[in-house]
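Heads up: the protein sequence lines correspond to chains U and F, in order.
Add 2 to a position in the first sequence, counting from 1, and you land on the number used in the working numbering.
Add 232 to a position in the second sequence, counting from 1, and you land on the number used in the working numbering.
Don't read these hints as lab results, they were simulated from the structure.
Straight-line Cα separation of at most 20 Å, EDC-like style, residue types lysine to aspartate or glutamate; simulated pairs:
id	chain 1	residue 1	chain 2	residue 2
1	U	LYS70	U	GLU22
2	F	LYS276	F	GLU295
3	U	LYS104	F	ASP288
4	U	LYS104	F	GLU289
5	U	LYS51	U	GLU68
6	F	LYS283	F	GLU304
7	U	LYS116	U	ASP87
8	U	LYS116	U	ASP10
9	F	LYS303	F	GLU284
10	F	LYS276	U	ASP10
11	F	LYS283	F	GLU300
12	U	LYS104	F	GLU300
13	U	LYS63	U	GLU17
14	F	LYS294	F	ASP318
15	U	LYS104	F	GLU284
16	F	LYS276	F	GLU289
17	U	LYS51	U	GLU66
18	U	LYS104	F	GLU273
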Amino acid sequence: AQSVTQPDIHITVSEGASLELRCNYSYGATPYLFWYVQSPGQGLQLLLKYFSGDTLVQGIKGFEAEFKRSQSSFNLRKPSVHWSDAAEYFCAVGSGEAAGNKLTFGGGTRVLVKP
Amino acid sequence: NAGVMQNPRHLVRRRGQEARLRCSPVKGHSHVYWYRQLPEEGLKFMVYLQKENIIDESGMPKERFSAEFPKEGPSILRIQQVVRGDSAAYFCASSLFGGYTFGSGTRLTVV
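Can you make the complete structure from the sequences, with help from the hints?
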């Protein structure tokens, strides 16, 4: 069965500092990996996704993620955090991009940005 | 081009009442998914539907929950005889060939 672990429930970071959110997955086949962001009371917005190819993936809002098969990880990074990045971040794994691909989500990491 | 529309945004029900959550997918999308987010948790898959068919309901509770996606109109997630433990955010997503688009969710509170 597939699973996703986000070890950090909460992270506090100063504005302008770098951010790294951890994600570890368990999946029996080639994983399709996603990072979503959820602002309070809102739905989920896709930040980036990885299917194949270059293991360093660029996303929206200045985020990037690196796929490391040997570590079963897909950590999300941002070099310089803005106050508007305060939100909850979810890592997810799926079986593909075709229709019918259901996603398994991690428990989320809540990011607080200090001025 | 509207995204996935869910309504209502907030729904309050007393224990024992029925809750109906509606989801209008992106125009042209024929695949709909429902996910539930319990407080302080990630999203959990509930059900995947295509027009008039339930394809995968492996995440649906066996009782009181049902879903449909009729030929015309929105997809409906129906919860009968709600209990406090049903309080959660329910998200709908749609796709055509792949690539989810999520709605903003319906926050159900059972009092």
